[in-house]
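J.: Each chain, letter by letter, is given below.
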Amino acid sequence: MNKEFQLFPEAASSVASSVDELYFFLIGLTIFFSVLVAGLILYFAIKYRRGNRHVDRLQHPAPIWLELSWILFPIPILLFIFFWGASLFFKIYRPPDNATEITVVAEQWMWKLQQPSGRREVDTLHVPMNQPVRLKMISQDVIHSFYVPAFRLKQDVIPGRYSTLWFEPTKEGEFQLFCAEYCGTEHSQMIGKVVVMEPNEYQNWLAGGTTNEPPEVTGAKLFEQYRCGSCHTLDGTRGRGPSLIGIFGKQVRLNNGRVVKVDDDYIRKSIYTPAAQVVEGYQPIMPTYEGQLSEEAVMQIIAYMKSMTQQAPAAQGEKTE
Amino acid sequence: MSAEDKNQPTAAQLAAPSLPKKHYLNSRYSPGSWLLTKDHKRIGLLYLMSITFFFFIGGAAAVLFRLELMTPQGELQPDTYNKLFTLHGITMVFFFLIPAIPAVLGNFLIPIMIGARDLAFPRLNLLSWYLYMVGGAFTIYVMLAGGVDTGWTFYTPYSSTYSNTYVMATAVGIFITGFSSILTGLNILVTVHKMRAPGMTWFRLPLFVWSNYATSLIMVLGTPVVAIAILLVAIERGFGIGIFDPRLGGDPILFQHLFWFYSHPAVYIMVLPAMGVVSELVATFSRNRVFGYRFVAFASVAIAVLSFLVWGHHMFVSGQSIYEGMVFSFLSFLIAIPSAIKVFNWTATLYKGTVTFDTPLLYAAGFIGLFTVGGMTGLFLSALAVDVHVHDTYFIVAHFHYIMVGGTVMAYLGGIHYWWPKMTGRMYPELWARISAVLVFVGFNLTFFPQFILGYLGMPRRYHVYPDGFQVLNVMSSAGASILGFAYLFPMCYLLWSLKYGKPAGDNPWNAIGLEWQTTSPPPTENFTKTPIVDYEAYAYPGSIIH
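Chains as they are written, first to last, in my numbering: chain A, 1 to 321; chain B, 322 to 868.
Do not take every clue at face value.
Said to hold, decoys possible - When the alpha-carbon atoms are kept at most 35 Å apart in a straight line, the in silico DSBU-like pairs for lysine-lysine are as follows: (1) A/47 <-> A/3; (2) A/112 <-> A/47; (3) B/851 <-> A/47; (4) B/851 <-> B/821; (5) B/515 <-> B/342; (6) A/47 <-> B/342.
As the list claims (entries may be wrong) - Reference listing, derived: stretches of chain B covered by chain A, where coverage requires no fewer than 3 residues with Cβ under 8 Å from a Cβ of chain A: (7) 650-660; (8) 698-709.
These aren't lab readings, by the way, just hints derived from the structure by calculation.
C-beta: ideal position from N, C-alpha, C; glycine also.
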């Protein structure tokens, strides 16, 4: 893990070698054009040096195709790189449906992670090999960035909004995790590692640890503890607030006429700034839970609401992102 | 300074070029004649001294953190390191690179190149220098009071809420300096429109004027946006009004949009004038008209326009929509075309020329080579999937130093050498200058090339502690930086030496074509004794074909 001198990083994710291919193509192109330009400059400068008397300096009007050629011929090359880079980018940023969701909360200067089984970690992330993993990430304070060079992947982790990153590790071992967005004093110490394991070893590892309460169970407890149920029923009947059963992934109409989808960000926002997006037909009476519920707690409540949608018979299994 | 020459001309001095009796430097000597001058040439020199001062402050900060980076654990406290790279970025970007060519060479040369007596608004020009100095004073104050640690990019909410350093004073300094930039840009725009000598049509303008014109467009249109962005940071920080911090109801990404809307075009504020310098140097030292003059001129304008449409490429991994990323990626590839046009045209200018290898040409050739590498690595960053990996790593650091140091500083030094005889009336020592040009090139590449490799290995920027495996490349980089530091001090020494001991240059030591070479060296305060009339094309060297 970055102990020895090396010139090229190891490739350990399903996209890493594709990124490397584009990188090598670009290096080839850079060498070609740099050598071309430098070579021509040296050749012309030496050939047409003042001291060289045996050279024809008689100029003729340059044909227009010459100028046009170097305006036009880079265009297909540039378009080619653009499409290559963009199509790979789409692959990198569109998570498959079956990805395991792991939650990440970043703060100055640590990474707090929770597995779907409930096991928590700090600055270390265990993942199974050859299985897609999706990270749902948020920052508690400033902007951070989750960066694993061996995976060739990076995503800023922003306060106030979830961001996601997915990957499929292809190599067993430990890989360096960096915070790539400058975040204050200990920015360069906000590092960790990703441990990629054989799937059954991973299952064994999940079973260990002290906290093994799945997030949706913690979420249900928080729902009780904060008495969310006194306004939000779980059986579809109307209370002071909308019933929360089976709403995840649905469209709701707000009292300003807009229609929004109930997703992670919507629920988070409704807990922290309830008055911002009130469902049509309800009063803006809910108090804010900012300062009372941490980002992790909110993620657990969201997990609980998702699990209720999965249980609810009427629910349509819509994707969240 | 030329009393000896004036009093006792010897036979040798009569044959060799001598200094004119009366020129802008010896017309008056009082401090007030400098501090209250309305002469664009004197204001150019005031800028020259001020930006050199800030260049060495920024350089000293770089020397310190390059020393720190020689070992994986380092010696400095993390906060000290963070303040050093912030100081380096702020002084180099806002107080050196942005004013370097427009406010020093542009100020000095544009009126002379177009045959004018001064800029359109001489008082505004002086005001712009004073604003720059006031902004600079804030920066010096911050440095002495304890520093600022946000990075020159001021990303929110770190800068607006979390940093405990002197963000406000820094913001005020940059805000004020922004006005200096706006006024310089405005002055150049109006001057080029209204003050051209009879016969100096748009397509007879030297390309240096074209590129500074394009730069001025960006300064006038872009700088207000960064001023607003920084003001908003100050408002949030000072009054707790939520704009960027989500805890106060703001959006941190909004800041990045506002900041890069200016700061990407600002890259072209730094490099477009450098391209203008290179056009002049290549033409003079190949004694040839710049190939594809009109294409090079319009490429500057195209770059200025496109530069406003690519800011989102700084934000591919910021969480903006992937479709937004795609649009910005596409536009970023487009801006490669006008840059490529320039590189190919400069190369073609050498063809069938009469090339001499004087120092300015060495710098110009260095510029073209390093700018090509810098530009090509820009394609890596425009290509979305590769950017995801190298964003915010040393790859970026290497890339923008190839453009700003390998490009702009090379061109700036080339320009300073080329016009030094015009500015001071004396020649610099050629041999020393060639040695220093080569040293700059070698030191530069040793400093920054290893950073490309470090970046792809994954070393994030702004790290003062790093894994052991990155040490070899960091030591190479620091070794290069020490050569580079020396190579930058060297010209300052021999240029100062030449002020007294340099050979008098004569009006046109390079046998170059251009109005600035038709007046004396140094020029009289009024630039020309009578208004020149231009009846020839730019770079009309014998044998050149004018299209």
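J.: Does each hint hold? Answer for all of them.
T.: Status of each hint after checking the structure:
The suggested pairing of residue 47 of chain A with residue 3 of chain A is violated, with an alpha-carbon distance near 49 Å, which exceeds 35 Å. Restraint check for residue 112 of chain A and residue 47 of chain A: the C-alpha separation of about 64 Å exceeds 35 Å, so the hint is violated. In summary, the hint linking residue 851 of chain B to residue 47 of chain A is not supported, as the alpha carbons are separated by about 41 Å, beyond the 35 Å threshold. Taking the CA atoms of residue 851 of chain B and residue 821 of chain B, the gap is about 30 Å. The hint holds against a cut of 35 Å.
With a C-alpha separation of about 31 Å, the suggested pair residue 515 of chain B and residue 342 of chain B falls inside the 35 Å cut-off, and the hint holds. Simply put, residue 47 of chain A and residue 342 of chain B have alpha-carbon atoms about 42 Å apart, too far for the 35 Å limit, and the pair is violated. Interface restraint, the stretch 650-660 of chain B with chain A: holds (6 residues with C-beta to C-beta distance below 8 Å; minimum three). By the rule of at least three residues with a Cβ nearer than 8 Å to a Cβ of chain A, the coverage given for the stretch 698-709 of chain B holds, with 10 such residues.
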